[in-house]
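K.L.:
Put the two chains together into one complex, using the hints given.
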Amino acid sequence: MSTPSLRTRLAMRGLDGTTLLVLPGLAVMLGLFVYPFFYGLIDSFAPKEGAWYANYVAFFSDPFQYRTIGATLWLALPVTIVNLAFAVPIAFRVRLMTRQRLLTTILVLPITLGTVFVADGLLTFLGPQGWFNRVLILVGLLEAPVKLTNNYWGVFASLVITGFPFAFLLTLSYVTGIDPAIEQAAATLGAGPRQRFMKVFLPLLVPGLAVTFCLAFVQAFAVFPSAVLLGAPAGPTRVISIAAYQAAFEQYDHSLGSAIAMIMGGVELIVVMLILSVRSLFYRGPTGGTKG
Amino acid sequence: MIRDQGLTSKIWRFAVWAVAGLFVINLIGIIAAVVVNSFATRWLGTWLPVGLTTKWYFSAWKEFQLSSVVLVTFQVVFTVVIISGLLGVTTAYALARRDFPGKRIVVLLFLLPLLIPPLTYGIPLATVLYQLGLGGSFWGVVLINLVPSLPFVVLVMIPFIEQIDPRIEAAARVFGAGTGSLFLRILLPLLLPGMLAALLLVLVRTIAMFELTFLIAGPTSQTLVVSLYYAVFASGVRAGQSIDAMAVIYMVTTLFWLILALQFVNPTQIVARAKQQPAE
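Those protein sequence lines, which keep their order, are chains A and B. Okay, so the first sequence: first residue is -16 according to this note's numbering, each after it adds one. Okay, so the second sequence: first residue is 28 according to this note's numbering, each after it adds one.
Treat the hints with care, since some could be wrong.
Unchecked claim - In silico EDC-like pairs for lysine to aspartate or glutamate, Cα to Cα no more than 20 angstroms straight-line: (1) K130/B <-> D(-1)/A; (2) K31/A <-> D45/A; (3) K37/B <-> E166/A.
What the hints assert, rightly or not - Examples of chain B residues toward chain A, derived with CB under 7 angstroms: (4) A47; (5) V51; (6) G56; (7) P76; (8) T80; (9) F127; (10) V134; (11) L135; (12) T147; (13) S208; (14) L209; (15) V252; (16) V292; (17) P294; (18) T295.
Bear in mind the hints are in silico, worked out from the structure with no lab data behind them. Being a predicted model, the structure only gives us computed values, none of them experimental. A virtual CB, placed ideally from N, CA and C, is assigned to each residue, including glycine.
Pulled out of the complex, with its shape left as it was, chain B reads as follows (with noise of 0.2 angstroms):
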């Protein structure tokens, strides 16, 4: 490790530290103000509201009926997980274990939707499933959220599924195992790490995705990220507390999910393709 004993070394420390930090107090300070705000009874012009209660919470679940937008918002995540973790982790197989024709073009068909903005795809995406029907429709909704969640299941498993040895696969089917004991004794123990990380991302990254819902979405088909959108773009028709108070709401629906996905990924992870990095 090189440290450097300067002055201007010093100073140049300082600084980025410093900027860092502003950051980070600036980021808690929003969280924050969310979280206060939804139990404040009363909160105009001081520094923290007059007195606290809960009843904020109540009034938000009737008012939102968060019941229902909560309960549609699971079938909706964890249908795209299951679907995309299928579908996702057989095209990482093949993609990862054969050198085909045209497996650049493939590859990079999974790699176009997390390049190009969502609105681009997703508007006209939207007017073929309105004209199909589907729109407003739970699986409007579903389909919709499978564009980018499926080449993400697919780009976080390939280099997964590389670092597991052929060998493996080969020396069960010497010793007489069909295709099916194969996958579900050997493939799937290794794969479980790596599949259970990729869905959890997938989880996280489709509860908070707000642009390709919002395109499709109607009034029994809302997420709860759409509803919040809703309310904070129709704020002064409610209490401000109120739609902080289902902001929190969805906060911890997704921080639920987050630690728990923690528990496998590295945060770099998050935004960055999974790398195979050492054990710590």
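Same shape as in the complex, but just chain A (with noise of 0.2 angstroms):
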């Protein structure tokens, strides 16, 4: 018996003609993803002058910079907390309607549209004779106009907008994707509604929840355009985004540019993996209720 043909040998550990049309797709991501990726890695190590870690140490020493982090921090973390603990209950409701269309095609529409639209339908609505404010003074909630943009909470406002259906249409994905016989079972047993949610829900989503958490975190965490257009940019809402961005294209400094892009990849990292261990210390298993 001679041995198999080289070809044959590798076909047998999955890698022939078809596997070669992942080819062109990896190139592209290689090229420009993975080598942009270390090009600016190492280029953050080579500063304009100083050190080799002259730019971790000008970032770090800065209040003006530093700072940053802490007011991404401030603003994205309380928002995808509020984002989902509204997200949860309403999709709860929603997964038992039989018309659900109509309402995610609209909530669909803030993200689709983007945050430059919002910030700008904001600074109208929000704004000291907007529709916000006139309502809230002819219910009698308000004596005077309260500023609500430029500042921390027309940024707050604008990641609720486009946040809040992005982690509900998440969380009902995966609501939906529990077996409804689950709950019946446990009704029929004598589960209150708190006790369902509690003891059978609540662990089959937290999987889904903390992935849900990670994705909105980080949609809120690179708040951009309007951290710009309706907050502070020289202030409180001056985030990361913003110090990476002007350190690059405005002081043409691409090293510290890019040494603040790597130091904003890192903080989300770090938030990520503490969301994704806490998740690894619930029920980790199916959410399907049939057999086999």
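P.N.:
And the structure:
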């Protein structure tokens, strides 16, 4: 018996002509994503002047720069928690609706229109003469208009408007993935609504909610156009993406810009890892109720 | 279906619907504020504008040079859709059909751009593109937009291809179909619905993609959303109604494709990965 040819041996391991179809796409990703990433990483250690770590020292010793991390987290974490806290109960209600399509279509609007459009709309809507203030004065909740644009709350509002539908639609796709028979079984055995949620649904949902939290957080953490247009980009809403953009494209220091971009990715990664490690403490398993 | 009838359940249900209703009302208010303002002659300190006019659309179209901006937007978006469609479907086919060493790393590579903030990879990539002399050019904008859109097509198409039975392809081979006719007469018709959905979603996302386009776009390669950003950023220079007229033009171009996309996909699929949902 002779050994099989090289072609046969490769095909046994899943490598044949079809596998090669992966190459063009892979080449694009290597060229446009992996290479620039490492280029940026190395570039960030080659500052205009000073030692190889000078960019990182410059960032962490200047309060104007390092405070952007806190400012970004101070926006992104509360927004994500609020969005998720509202998304879960509403998704549980909507799950029972037979005609969800209209609601989901309305909610998908701000996601597709994007933050720039929403920021433009909010500037009018939340402005001192906008409908929001007018309605609150009309019903008597306010005496005089409150300032809601060009500060923290303007950016907060824009992140809720685009972030809540995102968190909601993701949660909805997880909630509808749970077999309703499980809930019926729990109800038959006498569990009330609160017990059914806490003891049946929540454990099944935790993995999905952790992923939703991460994705919603990533979006909020990357806030950029609305922090400039609706916030105070020199003050409390000077988020880290503004710092990175200014370094790279306003001071033309691409080395420092890359360094801040890397710090941004690092901080985000730490938060995501923390959330995913919390998730691993919970149940992981099938959410379907049918047998095998 | 379980319906609880207790008083607390009723209050809770009411509260949940009230919050959802408030959100939808505010959302509609934001969009309506833009649309109403774009038709306003003068709107200061009143519930509704004094009079209505369409003149802002003509002035916005001229002031912001929208005919060329809209043209560039569609050129960029369709180029991105065609390239990411061609590369994405072939890559997804290989990933769905073969199990090869290192496959997990390849899949992870396609997941990463969707998990990392766009500016984190956008700034180094824009630096590289500027050094290659592509800064501000049409192809620079196309290339930077491929980074999120190609993985998106791949990840939407993998489960779609997996559900097509490989035995259909084997049967076609048995009856003597070559690679060309196998692709044209068997795979393409089966893949078409999924491809259409994936590509329309990429189209909508690319029209709205601000961060990456903004980093690289020059005066002649701006898309609508970047022009809109600059207009809002420099508001005060031009009439607010003119800016809002441009925002409405942007909204109409996006919504046209969104409505088309919604003929093929469920709204939840725009954020979540395509799931095999039973036909309704």
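K.L.:
Against each hint, give a clear statement of whether it holds in the structure.
P.N.:
Structure-based check of each hint:
no.	hint	verdict
1	K130/B <-> D(-1)/A	holds (14 angstroms)
2	K31/A <-> D45/A	holds (17 angstroms)
3	K37/B <-> E166/A	holds (19 angstroms)
4	A47	holds (5 angstroms)
5	V51	holds (6 angstroms)
6	G56	holds (5 angstroms)
7	P76	violated (11 angstroms)
8	T80	violated (17 angstroms)
9	F127	holds (4 angstroms)
10	V134	violated (10 angstroms)
11	L135	violated (11 angstroms)
12	T147	holds (4 angstroms)
13	S208	violated (16 angstroms)
14	L209	violated (11 angstroms)
15	V252	holds (5 angstroms)
16	V292	violated (10 angstroms)
17	P294	holds (4 angstroms)
18	T295	holds (5 angstroms)
Going down the numbered hints, you'll see the structure goes against 7, 8, 10, 11, 13, 14, 16, while the others check out.
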